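In order, the protein sequences belong to chains C and H. Quick note on numbering: our numbering labels position 714 of the first sequence as 714, and the sequence is numbered without any gaps. Quick note on numbering: our numbering labels position 151 of the second sequence as 151, and the sequence is numbered without any gaps.
No lab work stands behind these hints: they were computed from the structure. Since the structure is predicted, the reported quantities are computational estimates derived from the model, not experimental observations. Where a beta carbon is used, it is the ideal one built from N, C-alpha and C, also for glycine. Errors might be hidden in some of the hints.
[Claimed, not checked] Partial chain H-side listing against chain C, Cβ under 7 Å, derived:
no., residue
1, 79
2, 102
3, 133
4, 150
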Amino acid sequence: MTTKLFGEPVRRREDARLIVGKGRYLDDIGHNALAAAFVRSPHAHARITGIDVDGALDVEGLVAIYTYEDLTGPMAEPLPVLIPHPQLTAPRTGYPLANGEVNHVGEPIVMVVATDRYIAEDAAERILVSYEELPVIVGVDAARAAAHAVHEEIPDNVAARHHQQTGDVDPALAASPRTLSFTQYIERSACTPMEGKGVHAKWDADDRSLRVYSSTQASTSVRAAIAAKLGLSLEKVEVIAPDVGGGFGVKIVHPWPEELLVPLAAIALGQEVKWSEDRREHFTSSAHERQQRQEITVGYDDDGRITALDVHIWHDNGAYTPYGIIVPIVTATQLVGPYVIPVYRVVVESVYTNTVIVTPYRGAGRPQGCYAMERTMDRIADALDLDRAVVRERNLIQADQFPYDHHLTFQDGRPVIYDSGDYPGLLAKLRALVGWSEADALRNDAAARGKLLGIGMAMYVEGTGPGPYEGGHVQVLGSGKVLVATGLTSQGQGHETSFAQIVASELGVPIEDVEVTTGDTRRFPYAVGTFASRAAVMSGNAIALAARGVREKALRIAADVLEASPDDLEIDEGVVQVRGVPGSSIPLRTIAVLSNPLRYAFDEAAKQATQFAGPGDDSKPPVSPGDAPGLEHRDYYSPIRSTFASGAHAAIVEIDPATWEIDIVKYAVVHDCGNVVNPMIVEGQVHGGVAQGVAGALYERMAYDRDGQLQNASFMDFLMPYASEVPDIDIDHQSTPSPLNPLGIKGAGEAGVIPGTAAIASAIEDAVGRRIAAMPISPTELYDLVRNDDSELTEAYTRRSGTGAMA
Amino acid sequence: MTTVDTERTVTVTVNGVPRETTVPVRRLLSDALRHDLGLTGTHVGCEHGVCGSCTVLVDGDPVRSCLMLAVQVEGRSVTTVEGLARDDHRGGQVLHPVQEAFRECHALQCGFCTPGFLMTIAAGLDKRDPAAELTEEEVDDMVGGNLCRCTGYANITKAVHSAAAAMRDAR
Numbered sequence: 001m002t003t004k005l006f007g008e009p010v011r012r013r014e015d016a017r018l019i020v021g022k023g024r025y026l027d028d029i030g031h032n033a034l035a036a037a038f039v040r041s042p043h044a045h046a047r048i049t050g051i052d053v054d055g056a057l058d059v060e061g062l063v064a065i066y067t068y069e070d071l072t073g074p075m076a077e078p079l080p081v082l083i084p085h086p087q088l089t090a091p092r093t094g095y096p097l098a099n100g101e102v103n104h105v106g107e108p109i110v111m112v113v114a115t116d117r118y119i120a121e122d123a124a125e126r127i128l129v130s131y132e133e134l135p136v137i138v139g140v141d142a143a144r145a146a147a148h149a150v151h152e153e154i155p156d157n158v159a160a161r162h163h164q165q166t167g168d169v170d171p172a173l174a175a176s177p178r179t180l181s182f183t184q185y186i187e188r189s190a191c192t193p194m195e196g197k198g199v200h201a202k203w204d205a206d207d208r209s210l211r212v213y214s215s216t217q218a219s220t221s222v223r224a225a226i227a228a229k230l231g232l233s234l235e236k237v238e239v240i241a242p243d244v245g246g247g248f249g250v251k252i253v254h255p256w257p258e259e260l261l262v263p264l265a266a267i268a269l270g271q272e273v274k275w276s277e278d279r280r281e282h283f284t285s286s287a288h289e290r291q292q293r294q295e296i297t298v299g300y301d302d303d304g305r306i307t308a309l310d311v312h313i314w315h316d317n318g319a320y321t322p323y324g325i326i327v328p329i330v331t332a333t334q335l336v337g338p339y340v341i342p343v344y345r346v347v348v349e350s351v352y353t354n355t356v357i358v359t360p361y362r363g364a365g366r367p368q369g370c371y372a373m374e375r376t377m378d379r380i381a382d383a384l385d386l387d388r389a390v391v392r393e394r395n396l397i398q399a400d401q402f403p404y405d406h407h408l409t410f411q412d413g414r415p416v417i418y419d420s421g422d423y424p425g426l427l428a429k430l431r432a433l434v435g436w437s438e439a440d441a442l443r444n445d446a447a448a449r450g451k452l453l454g455i456g457m458a459m460y461v462e463g464t465g466p467g468p469y470e471g472g473h474v475q476v477l478g479s480g481k482v483l484v485a486t487g488l489t490s491q492g493q494g495h496e497t498s499f500a501q502i503v504a505s506e507l508g509v510p511i512e513d514v515e516v517t518t519g520d521t522r523r524f525p526y527a528v529g530t531f532a533s534r535a536a537v538m539s540g541n542a543i544a545l546a547a548r549g550v551r552e553k554a555l556r557i558a559a560d561v562l563e564a565s566p567d568d569l570e571i572d573e574g575v576v577q578v579r580g581v582p583g584s585s586i587p588l589r590t591i592a593v594l595s596n597p598l599r600y601a602f603d604e605a606a607k608q609a610t611q612f613a614g615p616g617d618d619s620k621p622p623v624s625p626g627d628a629p630g631l632e633h634r635d636y637y638s639p640i641r642s643t644f645a646s647g648a649h650a651a652i653v654e655i656d657p658a659t660w661e662i663d664i665v666k667y668a669v670v671h672d673c674g675n676v677v678n679p680m681i682v683e684g685q686v687h688g689g690v691a692q693g694v695a696g697a698l699y700e701r702m703a704y705d706r707d708g709q710l711q712n713a714s715f716m717d718f719l720m721p722y723a724s725e726v727p728d729i730d731i732d733h734q735s736t737p738s739p740l741n742p743l744g745i746k747g748a749g750e751a752g753v754i755p756g757t758a759a760i761a762s763a764i765e766d767a768v769g770r771r772i773a774a775m776p777i778s779p780t781e782l783y784d785l786v787r788n789d790d791s792e793l794t795e796a797y798t799r800r801s802g803t804g805a806m807a
Numbered sequence: 001m002t003t004v005d006t007e008r009t010v011t012v013t014v015n016g017v018p019r020e021t022t023v024p025v026r027r028l029l030s031d032a033l034r035h036d037l038g039l040t041g042t043h044v045g046c047e048h049g050v051c052g053s054c055t056v057l058v059d060g061d062p063v064r065s066c067l068m069l070a071v072q073v074e075g076r077s078v079t080t081v082e083g084l085a086r087d088d089h090r091g092g093q094v095l096h097p098v099q100e101a102f103r104e105c106h107a108l109q110c111g112f113c114t115p116g117f118l119m120t121i122a123a124g125l126d127k128r129d130p131a132a133e134l135t136e137e138e139v140d141d142m143v144g145g146n147l148c149r150c151t152g153y154a155n156i157t158k159a160v161h162s163a164a165a166a167m168r169d170a171r
């Protein structure tokens with residue numbers, strides 16, 4: 001059969017337009033649109049004492065200026081708290097335009113609309129905003145110390161205290177043969193997709209309807225938010241995510257102020273309005289992630305088995321909490337990884353700072369959790385003089401323990417019950433792939449060359465495919481074309497290809513006949529969004545179910561026509577065939593025509609379905625009760641809970657003790673995301689994730705000064721890796737299909753990034769023998785660390801020095 | 001009223017076609033290509049010359065069109081991603097080998113940075129002796145100056161090798 005494409009490395013269909021410049025990204029839409037630009041706060045914390053727009057008024061081409069005073073009704077209220085949670089006791093969100101106070105550099109204050117962006121920016125820079133500066137809080141430690149408050153009425157700066165526990169941790173620690181405690185930090189980075197955000201809005205004054213294009217990961221919810229905020233009826237608003245130039249999480253947040261203000265202006269002005277975010281705006285006005293301070297106490301026995309784990313985290317959520325405490329919850333619950341943790345307590349205090357909001361960035365709290373757990377494993381191994389892989393092995397959940405219930409509550413409000421996996425299998429593959437047992441030989445070889453070599457590993461479990469649901473619609477047209485729609489959006493994951501593969505396989509049609517639409521509320525208005533490695537799991541399964549519905553209907557109609565039992569029919573290459581009876585067949589396109597009884601023949605094919613085309617059964621209506629015209633089906637997939645993918649990474653680093661440059665000489669990945677729709681696409685996701693993991697470990701950080709000014713808000717200064725910084729990646733696969741969904745899929749989008757920081761920290765620590773407790777780490781910081789007499793030596797270093805094995 | 005712009009008419013050959021456009025003197029080449037000439041295949045990722053998404057060829061050399069003014073290409077020849085494929089004189093197009101290789105090697109995901117990579121690599125490949133062995137230094141030179149956030153670069157590097165091999169075989 002040629003149509004069983006599930007699991008094949010099918011080349012991507014979206015590439016045909018993208019490689020010839022025919023993609024359609026946000027700023028490619030609406031050449032005649034007016035342009036919006038924003039006056040944004042230059043201060044991290046200030047009261048606005050005045051806005052003087054007079055200087056802008058004589059700029060030729062200026063169309064409109066909006067401040068908070070121009071907002072009414074729901075637009076004058078704070079932006080929504082998208083994901084409320086009982087433990088988020090002090091949520092705060094900003095306004096579409098600042099209402100008297102700004103809480104981070106980059107917060108929008110004034111929107112200017114002009115005939116083009118150049119002129120809009122001319123006008124914006126002539127608007128004078130006066131401020132009364134307020135004390136600034138930057139970083140979790142300052143937030144925790146609370147010498148000042150970010151929001152006056154929240155004096156301790158704590159937005160939420162997220163707390164989960166699986167038993168009584170204090171007596172469990174007291175009863176543990178051994179304990180150790182440590183504190184570590186992880187810094188901020190950001191998604192930084194190559195295309196920033198952007199919004200285009202067009203108001204049809206006659207129809208009183210609004211079409212919005214947004215570079216978003218959640219078009220259906222943007223639609224609902226616009227309708228609610230602008231007082232429009234939902235059916236009068238359509239939102240489309242066109243080609244989106246990367247997301248990585250930042251575009252799941254919504255409604256961004258611009259997603260409301262641009263439509264507001266388009267309606268008020270009766271003209272198309274567009275805003276395309278520039279790179280500096282993206283750094284200072286979108287979202288970041290990852291800064292945490294982690295205090296960890298672990299109890300363990302002489303074999304390195306964990307007996308109890310107590311974790312207290314301070315999580316920097318930036319100035320506002322529009323995305324609730326999802327990142328803290330994910331850190332808290334994914335921290336336990338592939339391990340048996342008999343008693344676990346975690347508290348995450350989510351604190352306000354005068355910095356850009358913190359919302360999910362690929363991994364979404366998992367890299368921090370992995371960093372906490374995996375560095376704990378390293379510490380136990382070091383204390384006991386055990387191989388780090390052995391300590392991990394002894395703590396792993398075994399393959400016969402699934403489903404494994406951690407007795408925690410995940411970000412979807414559902415229990416953390418691992419559905420399937422083989423963690424010892426992952427570890428065995430990883431050791432072989434990276435050459436774990438040869439590390440000492442490599443170390444000696446590097447030492448002979450004057451280099452310090454170290455190896456590290458990290459394992460993770462990733463909850464993927466959270467609900468509540470996604471849907472799919474599959475329709476066969478009389479032309480034979482198969483239209484597929486799902487509501488969630490695409491940002492480069494190749495959904496047009498992988499969803500087409502699913503439909504081609506399920507329905508038995510050539511993939512060339514399948515057309516997939518994502519993220520267009522006109523085609524599918526019910527959806528949640530693309531985040532949390534959920535698109536293939538959620539929409540993939542929904543589309544498969546929809547295709548199965550179409551197949552069932554097609555076989556029913558074909559059985560009538562061919563006078564056969566549906567059980568004897570098969571579909572291949574778009575033709576329904578009575579199995580073993582050559583010549584007894586009917587094309588799906590004909591079934592599509594017959595499925596819709598007609599009065600009018602609008603084309604040649606349609607004639608077959610008209611009322612005098614052939615003898616009918618006069619005892620039944622043309623459309624039977626319970627049936628519907630058309631060869632189409634809509635279905636939904638709503639999971640009982642998330643499905644848990646897993647993996648293990650290892651890194652070998654070589655460090656030059658003259659420059660302290662850190663070179664990753666080997667990076668090994670073992671990856672398990674269950675059944676794979678398209679292995680080429682999954683490997684691509686792993687590659688990209690690893691690059692971001694390496695970036696977060698060695699290069700990227702948001703360099704805020706103490707005044708809350710982001711000192712590196714450009715690609716000149718924020719060290720996003722080029723090809724020269726990303727190591728070659730060796731990948732091995734394992735597949736433990738999910739028993740939770742029809743296709744056995746687990747998510748793959750975020751996996752690559754999760755263990756990078758932990759594995760690389762471990763490798764550097766192994767190389768230099770100094771405790772690495774703050775990531776990312778630059779050559780300068782490493783130099784300072786090894787030269788600091790107070791920096792902590794590892795036990796392994798001391799032992800190795802004693803035996804003379806260390807250079 | 002304050003008028004901040006003065007305009008110039010620019011005559012430039014774009015993708016082999018003579019074009020004339022009247023633009024404010026401060027208009028970036030990237031904006032002129034995208035918004036005045038409607039060639040939106042050239043993308044703008046940073047507007048400070050670091051990411052390379054906006055790379056086009058000016059008289060055959062890769063140039064960051066966000067760092068050049070439209071008036072600077074007066075009388076010159078510009079090639080954008082829309083002009084990378086050849087006309088097959090039968091109503092279709094023949095893709096440049098690097099375009100084929102990008103699709104074959106999964107060297108793009110979101111596709112936003114792709115035009116910049118394609119133009120830079122195409123310029124590099126077109127200038128070299130296709131019979132010569134492709135060195136890692138050459139590959140690094142062709143991919144090392146552009147940013148991609150999706151692919152981790154591995155498949156882009158692979159695509160350069162693949163395109164070079166195709167060009168060698170097609171000699």
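Here's how the hints hold up against the structure:
1. Taking 7 Å as the C-beta cut-off, the interface hint given for residue 79 of chain H is violated, the closest approach to chain C being about 11 Å.
2. Satisfaction of the interface hint for residue 102 of chain H is found here, the shortest Cβ-Cβ separation to chain C being roughly 5 Å, below the 7 Å cut-off.
3. The interface hint given for residue 133 of chain H is violated, since its Cβ lies 20 Å from the closest Cβ of chain C, which is over the 7 Å cut-off.
4. Interface restraint check: residue 150 of chain H against chain C, minimum CB-CB distance 5 Å, threshold 7 Å, status holds.
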